[in-house]
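Engineer: The primary structure of each chain is shown beneath.
2 protein chains.
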Amino acid sequence: METYLSTKRRLVNQALNKYLLPSFTFPETIHQAIRYSVLNGGKRLRAILALMTGELFGVTNNKVMPFACALEFIHAYSLVHDDLPAMDNDDIRRGKPTCHKVFGEPIAILSGDALLTLSFQIVAEKIQHKKIIPELISELARAAGSVGMIGGQVLDIENENSPNPAPAGHKKRVLEQMHLRKTAAMITVSARGAALISNARQKQLSAITSYARNLGLSFQIVDDILDISSSKNNLGKTPGKDVKMNKLTYPALIGLERANKKAKRLVEKAKKALDIFGKKAHLLKQLADYLLIRKR
Amino acid sequence: METYLSTKRRLVNQALNKYLLPSFTFPETIHQAIRYSVLNGGKRLRAILALMTGELFGVTNNKVMPFACALEFIHAYSLVHDDLPAMDNDDIRRGKPTCHKVFGEPIAILSGDALLTLSFQIVAEKIQHKKIIPELISELARAAGSVGMIGGQVLDIENENSPNPAPAGHKKRVLEQMHLRKTAAMITVSARGAALISNARQKQLSAITSYARNLGLSFQIVDDILDISSSKNNLGKTPGKDVKMNKLTYPALIGLERANKKAKRLVEKAKKALDIFGKKAHLLKQLADYLLIRKR
Chain G
1 METYLSTKRR LVNQALNKYL LPSFTFPETI HQAIRYSVLN GGKRLRAILA LMTGELFGVT
61 NNKVMPFACA LEFIHAYSLV HDDLPAMDND DIRRGKPTCH KVFGEPIAIL SGDALLTLSF
121 QIVAEKIQHK KIIPELISEL ARAAGSVGMI GGQVLDIENE NSPNPAPAGH KKRVLEQMHL
181 RKTAAMITVS ARGAALISNA RQKQLSAITS YARNLGLSFQ IVDDILDISS SKNNLGKTPG
241 KDVKMNKLTY PALIGLERAN KKAKRLVEKA KKALDIFGKK AHLLKQLADY LLIRKR
Chain F
1 METYLSTKRR LVNQALNKYL LPSFTFPETI HQAIRYSVLN GGKRLRAILA LMTGELFGVT
61 NNKVMPFACA LEFIHAYSLV HDDLPAMDND DIRRGKPTCH KVFGEPIAIL SGDALLTLSF
121 QIVAEKIQHK KIIPELISEL ARAAGSVGMI GGQVLDIENE NSPNPAPAGH KKRVLEQMHL
181 RKTAAMITVS ARGAALISNA RQKQLSAITS YARNLGLSFQ IVDDILDISS SKNNLGKTPG
241 KDVKMNKLTY PALIGLERAN KKAKRLVEKA KKALDIFGKK AHLLKQLADY LLIRKR
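Note that the protein sequences, when read in sequence, are chains G and F.
As numbered in the numbering used here, residues 1 to 296 make up the first sequence, in order.
As numbered in the numbering used here, residues 1 to 296 make up the second sequence, in order.
Rather than coming from a laboratory, the hints here were simulated on the basis of the structure.
Be a bit skeptical, because a hint or two may be false.
[Unchecked claim] The calculated label-pair distances, taken between Cβ atoms and stated as ranges, are:
#1 F/91 <-> G/199: 46 to 54 Å
#2 G/130 <-> F/22: 27 to 35 Å
#3 F/22 <-> G/294: 53 to 61 Å
#4 G/130 <-> F/63: 15 to 23 Å
#5 G/94 <-> F/24: 46 to 54 Å
#6 G/261 <-> F/95: 41 to 49 Å
#7 F/104 <-> G/295: 33 to 41 Å
[To be verified] With a cut-off of at most 27 Å between alpha-carbon atoms, the simulated BS3-like pairs for lysine-lysine come out as follows:
#8 F/63 <-> G/126
#9 G/130 <-> F/244
#10 F/131 <-> G/131
#11 F/130 <-> G/101
#12 G/130 <-> F/295
#13 G/272 <-> G/285
#14 F/101 <-> G/63
#15 G/131 <-> F/130
#16 G/130 <-> F/131
#17 F/131 <-> G/126
#18 G/63 <-> F/130
#19 G/126 <-> F/244
#20 G/131 <-> F/244
#21 G/130 <-> F/130
#22 F/295 <-> F/244
#23 G/130 <-> F/203
#24 F/203 <-> G/63
#25 F/130 <-> G/203
Predicted model only: the values in this text are computed from it and were never measured.
Here a beta-carbon is modelled for each residue, glycine too, at the ideal position from N, C-alpha and C.
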């Protein structure tokens, strides 16, 4: 899996590099900041999931790539805005100073805006199968928007440092909604978008959706576990921030061990959803297992 | 013209209201902040220009409206992010407290992000003529992106409080580039997008482009003049900010009188570009004259 992922990651990085304007494009500062924020050694999970979903349907990476890059642009923009002093106030991301630390807050805000804008431009201009573009952009926007990823961010902010001793049942419901929106929505659209490009049938689309949704939920739990148990070097960002900011997470709410078990159960559910594809889904199942034991 | 504009403004406001999610949508805060930032009595110039361009080609307002609303969502997002403490740090907009003053900085950042996302969603989902959608989104994204409006914002930031005594010729070039990107790009795409929806021929598209580009340049000069000469009540935002922040503007660079003359010359150029349409372009010409003598 490691070798497979790093091969795909290289492909994705090449494409990202191609779709980004050169750093000498006028005005230079913002194009430097955009490249700095995207080309910084991310995992490229969303893009790779899209490519792998395409492969499940026998569709070449090339056909899915513009959409895969759009996902990474949106992911990168969300990290740049998340790291801002007014938000999570993070100095380090993927082992390097965050965008606003290097380029200042105004350029960081504008770089995020530009990356979000670029993601839709790339889909509109580079997806070969023109007829699918409106639906792709609609799904992408809904996953990234105020009832998707951005809505999840709002819940995240509203539930940190929350002093009210709400009943655990209520907190669990909020937490699941937060994870569904903050993380699972974009991971789900990564797979769904690729399935749409691949002309998947309705039943296949549902299976892929269920897989990616559970994968996304599990991914966020593992993220929160790593924030507690990993070191700064492994993680590439400041660990222990969730506890410090009193964030609502599964490890905080039900403890590390039970959070771990929950992540495992979700991965099992994810894999089961792929059974209709038979052996062809082998790699996607392996990906789910791999993300469970990742160290960053 | 006043009556015509206020009729159209009412139409646009109704459509904006329809396309925005209700304020009780979960999570409520962001949907309240989004509605607050959009439905606050803006001029709706970009939307109305799109509708008027459609009318020039005999196309109903309904067909252009989703695109017109997308323009206003982008405009509203740009104002919310502009007003942030890290950017222009403005407390008042359209006579009311700015978004971050009411909802806090994190929600203001996320509301802007959500509005930008929504603008592409609306075009992708609501434009009836599906085949034109990829081109519309491409043009919209380019006008709003890092070489368009966002690029103009970067130039604006980089040239405020600039202590270096650059030669006037250089400053003029930067200033024109800034206005072309910061304001004219979005005003141009407002008219071009509507012309594309109306299946305009190449020659017509060029004429409309030239009209809107010059209109946009003139509009920004008048904006900068009003910042100096208007009162807070008239303007609905804090006047005199450009001088205080030592912004690069035409009034600052060549004086009020010459700036006024330049705005007038640009409006004449804009109107002349419409001559190929004959009498049908009457209203668009009137709009150009009207924007020159506006008080806010």
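Engineer: It remains to establish, for every hint, whether it holds in the given structure.
Structural biologist: Evaluated hints:
Separation of residue 91 of chain F from residue 199 of chain G is about 52 Å and conforms to the stated range, judged on CB atoms against 46 to 54 Å. Take residue 130 of chain G and residue 22 of chain F: their Cβ atoms lie about 34 Å apart, and the range 27 to 35 Å holds. Between residue 22 of chain F and residue 294 of chain G the beta carbons are some 40 Å apart, a value that contradicts the proposed interval 53 to 61 Å. Between residue 130 of chain G and residue 63 of chain F the C-beta distance comes to about 20 Å, which sits within the given range of 15 to 23 Å.
The hint said 46 to 54 Å for the Cβ distance between residue 94 of chain G and residue 24 of chain F, and at roughly 38 Å that hint is violated. The given range of 41 to 49 Å is broken by residue 261 of chain G and residue 95 of chain F, whose C-beta atoms sit roughly 55 Å from each other. Range check, residue 104 of chain F to residue 295 of chain G: Cβ separation about 35 Å, and the 33 to 41 Å hint holds. This hinted pair checks out: residue 63 of chain F and residue 126 of chain G have alpha carbons roughly 26 Å apart, not beyond 27 Å.
Proximity of residue 130 of chain G to residue 244 of chain F is assessed by CA-CA distance (about 49 Å); at most 27 Å being required, the pair is judged violated. About 7 Å separates the Cα atoms of residue 131 of chain F and residue 131 of chain G, which keeps this hinted pair within 27 Å; it holds. Between the alpha carbons of residue 130 of chain F and residue 101 of chain G the distance comes to roughly 43 Å, so the proposed pair goes past 27 Å and is violated. For a cut-off of 27 Å, the pair hint linking residue 130 of chain G to residue 295 of chain F is broken: about 45 Å separates their Cα positions.
The suggested pairing of residue 272 of chain G with residue 285 of chain G holds, with an alpha-carbon distance near 9 Å, which does not exceed 27 Å. The straight-line distance between the Cα atoms of residue 101 of chain F and residue 63 of chain G is roughly 45 Å, outside the 27 Å bound, and the hint therefore fails. Pair hint residue 131 of chain G plus residue 130 of chain F holds up; C-alpha atoms about 8 Å apart against a cutoff of 27 Å. A distance of roughly 8 Å separates the Cα atoms of residue 130 of chain G and residue 131 of chain F; the hinted pair therefore holds under the 27 Å criterion.
A hinted pair counts as satisfied when its Cα atoms are at most 27 Å apart, and residue 131 of chain F with residue 126 of chain G qualifies at roughly 15 Å. For the proposed pair residue 63 of chain G and residue 130 of chain F, the alpha carbon gap of about 21 Å is at most 27 Å, so the pair holds. With a C-alpha separation of about 44 Å, the suggested pairing of residue 126 of chain G with residue 244 of chain F is violated against the 27 Å cut-off. Note on residue 131 of chain G and residue 244 of chain F: the hinted pairing is violated, with a Cα-Cα distance of about 51 Å set against a maximum of 27 Å.
This hinted pair checks out: residue 130 of chain G and residue 130 of chain F have alpha carbons roughly 10 Å apart, not beyond 27 Å. Distance hint between residue 295 of chain F and residue 244 of chain F is fulfilled; the C-alpha atoms sit about 21 Å from each other, no more than 27 Å. Between residue 130 of chain G and residue 203 of chain F the CA atoms are separated by roughly 26 Å; this keeps the pair inside 27 Å, and the hint holds. Our distance criterion of 27 Å between C-alpha atoms is broken by residue 203 of chain F and residue 63 of chain G, whose separation comes to about 34 Å.
Proposed proximity of residue 130 of chain F and residue 203 of chain G is supported: the alpha carbons are some 26 Å apart, at most 27 Å.
The structure fails to meet hints 3, 5, 6, 9, 11, 12, 14, 19, 20 and 24 from the earlier list, while all remaining hints are met.
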